[in-house]
Amino acid sequence: GEDVEQSLFLSVREGDSSVINCTYTDSSSTYLYWYKQEPGAGLQLLTYIFSNMDMKQDQRLTVLLNKKDKHLSLRIADTQTGDSAIYFCAEKALRSYNTDKLIFGTGTRLQVFP
Amino acid sequence: KAGVTQTPRYLIKTRGQQVTLSCSPISGHRSVSWYQQTPGQGLQFLFEYFSETQRNKGNFPGRFSGRQFSNSRSEMNVSTLELGDSALYLCASSTGQANTEAFFGQGTRLTVV
Chain A
1 GEDVEQSLFL SVREGDSSVI NCTYTDSSST YLYWYKQEPG AGLQLLTYIF SNMDMKQDQR
61 LTVLLNKKDK HLSLRIADTQ TGDSAIYFCA EKALRSYNTD KLIFGTGTRL QVFP
Chain B
1 KAGVTQTPRY LIKTRGQQVT LSCSPISGHR SVSWYQQTPG QGLQFLFEYF SETQRNKGNF
61 PGRFSGRQFS NSRSEMNVST LELGDSALYL CASSTGQANT EAFFGQGTRL TVV
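Chains as they are written, first to last, in the working numbering: chain A, 1 to 114; chain B, 1 to 113.
So here's chain A without its partners, still in its complex pose (with noise of 0.2 Å):
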């Protein structure tokens, strides 16, 4: 079946390391998504992974993926004010191998106090 969760909200101190978690439960996931949306946007691609892949880093980000148990990691390091905004995790499934759909998580809440 197609589902993916995400806590709701997370709440970090300016200059520590935010993780946002995410799990799915479509094993024929190909690909995995983190999406940025800010108050008012649309949505901002940050980072995806393969599924064959472990980690990925881009500068401050660190995509994990745990593919037995269907859990997707994203870390932010050195968390900004700027950093605040809502978090989706998104998976593109093999079925939909002919197909851009998207299944998005509930998004995380992501709030960074000085």
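Please keep in mind that the hints were generated in silico from the structure rather than gathered at the bench. Don't be surprised by glycine CBs; every beta carbon is placed ideally from N, CA and C. Take the hints with a grain of salt, since some may be wrong.
To be verified - Ranges of calculated distance between the beta carbons of each label pair, as one might list FRET restraints:
1. B:Pro39 <-> A:Asp3: 42 to 50 Å
2. B:Gly40 <-> A:Gly82: 37 to 45 Å
3. B:Asn71 <-> A:Lys68: 41 to 49 Å
Claimed, not checked - Partner residues are not named here, just some residues of chain A that face chain B (Cβ under 8 Å, in silico):
4. Phe9
5. Asp16
6. Pro39
7. Ala41
8. Leu43
9. Leu45
10. Tyr48
11. Met55
12. Gln59
13. Phe88
14. Lys101
15. Thr106
16. Gly107
Stated by the list, open to error - Heads up, simulated SDA-like pairs for lysine to any residue below, C-alpha to C-alpha not over 25 Å straight-line:
17. A:Lys36 <-> B:Thr111
18. A:Lys68 <-> A:Ala85
19. A:Lys36 <-> B:Phe69
Starting from the known structure of chain A, fit chain B onto it as the hints suggest.
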């Protein structure tokens, strides 16, 4: 390179009316997908168009329809608007190949009164 452009940004309509939203994808992209975002349901897939053909559809009533033109621009239409159609409608653009990212527009905020 221009991003994904959605028009209008904001729209207020009355119950029973119909509405048309527009999306211009990134130049060279041939796939356009539409999503509805509401506080209660989150991000829900509406449909996807590739080379003027609908190739996937979500679980929405027939009041929701779309089309794609030869220049890859897409429109979605909602007829007989209901209060529950109030949402942010997001359009995503991609090349249409299997292993590519999807880039989103700023969305159209539709309010039905």
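Interface hint for A:Pro39, Cβ within 8 Å of any Cβ on chain B: This hint is violated: A:Pro39 lies away from chain B, its Cβ roughly 11 Å from the closest one there, beyond 8 Å.
Checking one constraint from the list: CA of A:Lys36 to CA of B:Thr111, max 25 Å. Satisfied?
holds (23 Å)
Notebook entry, point to check: Between A:Lys36 and B:Phe69, does the CA-CA distance stay at or below 25 Å?
Noted result: violated (29 Å)
(message) Tell me if the interface restraint on A:Thr106 is satisfied: Cβ within less than 8 Å of some Cβ in chain B.
(response) Cβ of A:Thr106 sits 5 Å from chain B, so the hint holds.
### CB-CB spacing for A:Asp3 and B:Pro39 relative to the 42 to 50 Å hint
Violated: the Cβ-Cβ distance is about 19 Å, outside 42 to 50 Å.
Does the closest beta carbon of chain B sit nearer than 8 Å to the beta carbon of A:Lys101? holds (5 Å)
Does the structure keep A:Lys68 and A:Ala85 at a Cα separation of 25 Å or less?
-> violated (29 Å)
Let's test the interface hint: is any C-beta of chain B closer than 8 Å to that of A:Gln59? The hint is violated - A:Gln59 has no Cβ within 8 Å of chain B, the shortest such distance being about 17 Å.
Next item in the hint list is A:Gly107. Is there a CB on chain B closer than 8 Å to its CB?
The hint holds - A:Gly107 has a Cβ within 8 Å of chain B, the shortest such distance being about 7 Å.
_Quick check on the hint: A:Met55 CB to chain B CB, less than 8 Å?_
violated (19 Å)
query = Does the Cβ-Cβ separation between B:Gly40 and A:Gly82 fall within 37 to 45 Å?
reply = violated (28 Å)
Note to self: Given the hint of 41 to 49 Å, is the C-beta distance from B:Asn71 to A:Lys68 inside that range or not?
What the structure shows: With a Cβ separation near 45 Å, B:Asn71 and A:Lys68 satisfy 41 to 49 Å, so the hint holds.
The structure fails to meet hints 1, 2, 4, 5, 6, 11, 12, 18, 19 from the earlier list, while all remaining hints are met.
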